[in-house]
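Colleague: Using the supplied hints, reconstruct the complex from the two chains, each of which is provided in its own coordinate frame.
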Amino acid sequence: MNPTEELVALLDLEELDTDLFRGRQPETQRARVYGGQVAAQALVAAVRTVPDGYVAHSLHSYFLLGGDYSVPIVYDVERPRDGRSFVTRRVVARQHGRPIYYQTVNFQRPEDGWEHQDAMPPVGAPEDGFDLVDVMKQGGNAEADALAKEWGALDVRWLGNTRHGLEPDGGHVSQARMWIRLREGLPDDPAVHLAAFTYASDVSLLGSTLAAHGGNPAKTQMASLDHTIWFHRPFRADEWWLYDQWSPSAQGARGLAFGKVYTRDGTLVATAAQEGLIRPRHDDYTGPGQA
Amino acid sequence: MPRDADELLDLLDLETIDDDLFRGAQMPTTRPVVFGGQVAAQALVAGSRTVEPAYAVHSLHSYFLQPGDPSVPTIYDVENLRDGRSFLTRRVIAQQHGRPIYAQTLNFHKSEAGYEHQEPMPDVPSPDDARPVGRRARGEEHADQWDVAEIRRVDALEDDPARPARQRVWMRVSSPLPDDPFWHTAAFTYLSDMTLTGAALSAHGLSFASGEVFVASLDHTIWFHRPFRADDWWLYDQHSPAASNGRGLVLARVFAREGTLVASVAQEAVMRKVRA
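Chains as they are written, first to last, in full-length UniProt numbering: chain G, 1 to 291; chain U, 1 to 276.
Among the clues, some could well be false.
Pair ranges (Cβ atoms, derived) [claimed, not checked]:
| no. | chain 1 | residue 1 | chain 2 | residue 2 | range |
| --- | --- | --- | --- | --- | --- |
| 1 | U | F208 | G | E239 | 54 to 64 angstroms |
| 2 | G | D145 | U | A216 | 42 to 52 angstroms |
| 3 | G | E239 | U | G139 | 48 to 58 angstroms |
| 4 | G | R79 | U | R3 | 22 to 32 angstroms |
| 5 | U | P181 | G | R163 | 27 to 37 angstroms |
| 6 | U | E15 | G | P51 | 50 to 60 angstroms |
| 7 | U | G139 | G | D189 | 49 to 59 angstroms |
| 8 | U | A143 | G | R79 | 36 to 46 angstroms |
| 9 | G | V71 | U | E158 | 45 to 55 angstroms |
| 10 | U | A143 | G | T28 | 32 to 42 angstroms |
| 11 | G | R79 | U | D6 | 32 to 42 angstroms |
| 12 | U | D160 | G | G139 | 31 to 41 angstroms |
To give an idea of the chain G side of the interface with chain U (calculated C-beta under 7 angstroms), a few residues [unchecked claim]:
| no. | residue |
| --- | --- |
| 13 | H60 |
| 14 | L64 |
| 15 | P110 |
| 16 | G113 |
| 17 | N141 |
| 18 | H232 |
| 19 | A250 |
| 20 | L256 |
I should point out that these hints are in silico values taken from the structure, not numbers from a laboratory. Don't be surprised by glycine CBs; every beta carbon is placed ideally from N, CA and C.
Pulled out of the complex, with its shape left as it was, chain U reads as follows (with noise of 0.2 angstroms):
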């Protein structure tokens, strides 16, 4: 896995074989499936690779159907579902062994102006005076397959008994992107699928290095608002809404640091108890 904007950037530069037709290559990693924001992010490369530039990528929807193999590259196909005059449609499935692992529907637009507004982003404490985390932060072993993604955990947060599972960090992808904004999505993107389950087991006293709970993304949405830079902090500020028969569901606002909201995301995702 990727340990820094350049690697991630590699990670992400698809093999064309035909048209509308990408490899996906792996990286070492110990992990036994492929980190589902890495499918994501190569799925997205795929489909923006057949559209003209004058279109970006404003949303996607994708589900993952199978566990990605981390040994083998993964195949990416995409169909070309509307070309309109403002809005384009592609749609990604991402293959290993002929049977799909991960399909994705991308919409594209073209650039117009229209209403504005935007929730405020909450009051919350700097990411220079929040707390690292993630595995590093933990001591992990093989924590350095994920040191693309420097993650701060803002740990107070204001009262909502209205909301009983909610979570804020700050993120960014932890060394320089090139300026073209395409990258900053797709970086995003692969960061985007980190920590938002979080948000629903925090309800329940768990995390993910708690080791009692098996987590599986089901599926993975973003709409993107406006553009920003992966590579600077911005606040992932997540809150889940329901969690029933053994998923929980997260939605989450993204801000760059001076308060723009940059992007939403939903994600539903498997919570089980691990069986002693």
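Isolated chain G, as found in the complex (with noise of 0.2 angstroms):
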């Protein structure tokens, strides 16, 4: 299998029985579970209880505990509502007993509206970005090797930050921006592109909260707190969107990112938003719940 059909094979979850699924593990050098698997794995299994014909528009979730990369995740679903218009999903990750993960969502039955969208910036093409990796191995990032091998199904082109290779903005003072999408081509499915986009979406986003400061994300602490996507509209994860990304305010530890995501034709697909711990480096450190 290429690593597209290994991501496409992890988000792939088991059915324990009605509401209750299970998702493996990848292989991992990592001693930590990846957020975007948990969020993706969690979004699958709502999505595998709602009637055909819903469509997820937005999810909301936070992270409680550090999860463990040896054993397999247990998502149970409640269903808080069953509307007309709206379904609405709320999923429990779980691991020896313990709610790891929680996150909602929401479903739509497709209807006509007015329609507006941000402009997209005036970017560079994805071929003149930078290699991810690459550049988390200059930032001296010990597990970017590590990284490679785990997000080997994603490829991120990296477009620059406040700090380098992107225009001064005024209004913006911490900014990063990149091309992501899948490297294989995936299945027709758009559930399995939301699960994908979703998986591919906790990769960079807490990153850009440190691109106002020297601070070095590999010397940092870093952890997700909560995640959330507005789906806006369909798009395919196998085929390049820029991810524009910036922070409005870091505080107390703490630093809050949106992410607008465009095709690569100028269209807004989604936004994306999340707060993260970022705080210098304990060696003692193991995941948010023990923080």
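Modeller: In structure tokens form, the structure reads like this:
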């Protein structure tokens, strides 16, 4: 299997019972579970419980405990609402009998309405970007090789941030931009593209909170606290999309980041938000639950 | 609905029914459904009652599930999702008639130091030079039920063709709150559900007052960055990056009058044409 097929398999959950699923772990050299994996597997669990004709349009989630990479994750789905236009699911991800992550997903039956969107900023082509793993290596990130393996399905081309490569922007003090796609083609099922995008959306968002600072991400204790996505329009995750990220604020060891997602033709297809812990690293750190 | 700070505090002073179980009262209103900001603020109070004072709320994420019934109280049931050293998490379900109407998750953080940055406040006219708006300014009947909020619209926005849907208002609680920062957080949460969808409608020449559009909040999110007074003017700088499929998303920055970025807000709402 190529890395993209491996990712598709990772996001294909085992159904244990009605509304109860099990997600396996990837082969990884990192002693932690990647948050984007948990978010994507939880989304897949929710999607499996929703009638045909409803499409996920938003998810809100909190990370509670660092995941254990040595055991599978169980996803337990509740059904808070089955409405005519909107359906809501809540997914608890758990290990060792404890919740590690909560996600609420809202689904809508597609309808017509007013349309507008922000314009895509003028940026360089994906071919002009730097490979994100190379950028991380140059930054001294000791996990770069392990991440390159775990994120093997993702092609990430870094265009720059506030300190390197991006034009100064008086309105945004901390920014980062990159192009992302799945390296190989995905199946046509739109739900697979949503899940693969969700997996990729956690790669870099929190890093944009450090773009205003000299702080080295590799020497900063970083942990996602929450993760939110609004899906505006369908798109293919295996074709280039621009992740235009900015951080309005950091304070009290937390940073907030937003990301707008544009396809190459300039369509705004999603908006993401994440708050995370950003503090000088301590050697005994094991995850946000112990923090 | 509360007409001043004292009535708002009464509304937010929940009755404790049992550990982690609270009841929120209603106030007289002509609205057929409960105002979303009331449910969000009462839920925040319920969640906060179950944590030690050393922890301050720094974010809430929530979904509106059913319209609230203003003729019966709302029950708030708090679940403890995490008690960590630095972070605590609570989930609050608001229910009426045995059904969940609203679900909110709150995260609390023990104060610590770290990196600091914030985006600068845009250059805008002061509240004294902004135009009073809202139902009272329009001379609507029963407008006094919204009197807890003072709202002034900033009419002139600098040109930004890349962002077609924007709106700026100054807001404050119309009478003084106690000094305890918690009540400013709660009062802000109540007010934060006002005006937001207007930013998405603005790109289409529409407003709440036009009668052409049905609007309902789907979700509501607040990240609290820094303490501030909700009874002093704050700038609600709103921007809608996208509308599609009958929904509009609005992101907003909240600046205290002297320029401190104190909170960020996000809300997605249904926006439908009203059938003639």
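Colleague: Of the numbered hints stated previously, which ones are contradicted by the structure, given in increasing order?
Modeller: Hints 1, 4, 6, 10, 17 not satisfied by this model.
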